[in-house]
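Number of protein chains: 2
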Amino acid sequence: MAENLAVALVHHPVYNKHHQVVTTAVTNLDIHDIARTARTYNLRRYFLVTPSPEQQSMIGRITSHWDKGWGADYNPDRREALSLVTVTATLEDAVADFQRQFTRQLLVIATGARPRPNAISFHELRQKLAIPDQPCLLVLGTGWGLADELFEKTDANLEPICGAGDYNHLPVRSALAIMLDRLLGTRETIPT
Amino acid sequence: MAENLAVALVHHPVYNKHHQVVTTAVTNLDIHDIARTARTYNLRRYFLVTPSPEQQSMIGRITSHWDKGWGADYNPDRREALSLVTVTATLEDAVADFQRQFTRQLLVIATGARPRPNAISFHELRQKLAIPDQPCLLVLGTGWGLADELFEKTDANLEPICGAGDYNHLPVRSALAIMLDRLLGTRETIPT
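These protein sequence lines are chains B and W, in that order.
The numbering of the first sequence is the numbering used here, which starts it at 87 and goes up by one.
The numbering of the second sequence is the numbering used here, which starts it at 87 and goes up by one.
It should be emphasised that the hints constitute simulated quantities derived from the structure, not laboratory data.
Heads up, some of the hints might be wrong.
When chains are identical, the list treats them as one kind, so a pair holds in a single copy or across two.
[Claimed, not checked] Simulated crosslink set (SDA-like; lysine to any residue; CA at most 20 Å straight-line):
no., residue 1, residue 2
1, Lys103, Gln191
2, Lys154, Gln185
3, Lys103, Asp153
4, Lys103, Pro246
5, Lys103, Gln187
6, Lys103, Ala205
7, Lys103, Lys239
8, Lys214, Glu89
9, Lys103, His118
10, Lys103, Lys214
11, Lys214, Ala250
12, Lys103, Asn128
Between the sequences and the hints, there should be enough to build the whole structure, so can you do that?
See below:
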């Protein structure tokens with residue numbers, strides 16, 4: 087169920103264009119867009135993962151502007167969305183933080199644009215999410231995607247989203263929206 | 087089929103927070119994100135609709151940077167996505183421009199977050215898109231959504247995307263991604 091699902095947006099370790107492991111910059115838009123999408127699908131938390139103390143305080147300044155600054159009155163919907171945001175230094179910290187809220191073992195699912203062996207399908211994951219009290223953390227990478235080492239630390243990897251051809255460069259914000267809709271969206275009008 | 091589908095992102099006439107009809111500013115991110123999502127789902131065109139000459143030239147500067155500037159070499163994927171972009175002053179211009187490429191009558195579909203009478207469902211629209219040579223233009227509003235007058239000029243309005251509750255503030259970029267996935271995405275692993 088949606089309230090047992092959280093998303094983690096990882097800024098390290100991820101690849102850059104040249105397949106080097108880097109720390110990407112947090113963008114204002116990833117904070118807002120993903121918070122609004124996560125809130126629309128009723129997710130429990132939105133972890134922003136960055137080891138950089140400067141980036142962590144930048145996120146704090148943005149969320150507190152909308153939580154306590156003039157933004158709180160100006161746009162309460164945004165405040166509500168941003169209340170999901172939690173900053174952690176590593177993915178392990180996010181996992182530990184979210185696991186504490188549940189007794190059942192957390193399922194940590196890595197995502198990416200490239201096909202990988204032994205992927206879990208959207209259909210299978212949707213069924214797992216229907217189990218009461220089954221917590222799940224969906225992990226997305228910024229830049230050119232999650233470093234391979236992270237895939238080794240997760241329980242499974244989710245099948246990639248395929249568009250209509252071989253071009254597959256969805257922005258991470260759009261990819262997450264599609265994932266949440268496939269996993270949690272109301273489907274009565276959608277054919278198989 | 088995807089190659090008969092185009093999207094129009096309208097910056098006027100749309101509502102602001104106070105339900106006044108305004109012209110919103112074009113954002114760099116809407117240009118890039120929607121172009122990449124549209125390209126991934128193999129859309130034919132991406133119309134950016136704004137009556138503002140300044141905004142129109144700004145879009146031209148951005149797309150030509152990635153088409154002819156150093157961006158073209160640096161990121162050819164982005165170039166390919168942005169090649170879908172066409173700027174028009176009004177929705178009528180976008181409709182006329184896209185219609186010229188087809189003999190069959192174009193289907194113009196308005197979208198929005200609010201439920202409206204006589205909406206076409208995703209399922210129905212997906213079936214229409216499966217008709218060979220049936221062109222379709224999906225119209226999305228920026229700001230607080232398309233002005234009512236535009237709904238009167240379109241052939242139908244699409245059912246809104248519902249999340250998991252009453253909070254429904256998807257960014258337009260995320261809403262479009264979900265729409266394209268529902269209308270065109272590969273569905274074999276998704277249950278009804």
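Now for the hints, and whether the structure bears them out:
1. Lys103 to Gln191: neither (35 Å within a copy, 43 Å between copies)
2. Lys154 to Gln185: Neither: 28 Å inside a chain and 49 Å across chains, both beyond 20 Å.
3. Lys103 to Asp153: between (35 Å within a copy, 19 Å between copies)
4. Lys103 to Pro246: within (19 Å within a copy, 36 Å between copies)
5. Lys103 to Gln187: neither (37 Å within a copy, 37 Å between copies)
6. Lys103 to Ala205: neither (24 Å within a copy, 43 Å between copies)
7. Lys103 to Lys239: Classified as neither: same-chain Cα gap 23 Å, cross-chain 44 Å, threshold 20 Å.
8. Lys214 to Glu89: The answer is within: 13 Å in one copy meets 20 Å, while 35 Å across copies does not.
9. Lys103 to His118: Classified as between; 17 Å across copies, 25 Å inside a copy.
10. Lys103 to Lys214: neither (34 Å within a copy, 39 Å between copies)
11. Lys214 to Ala250: Between copies, since 17 Å is at most 20 Å while 27 Å is not.
12. Lys103 to Asn128: Answer is neither: 33 Å inside a copy and 23 Å across each miss the 20 Å cutoff.
The structure shown violates the earlier hints numbered 1, 2, 5, 6, 7, 10 and 12.
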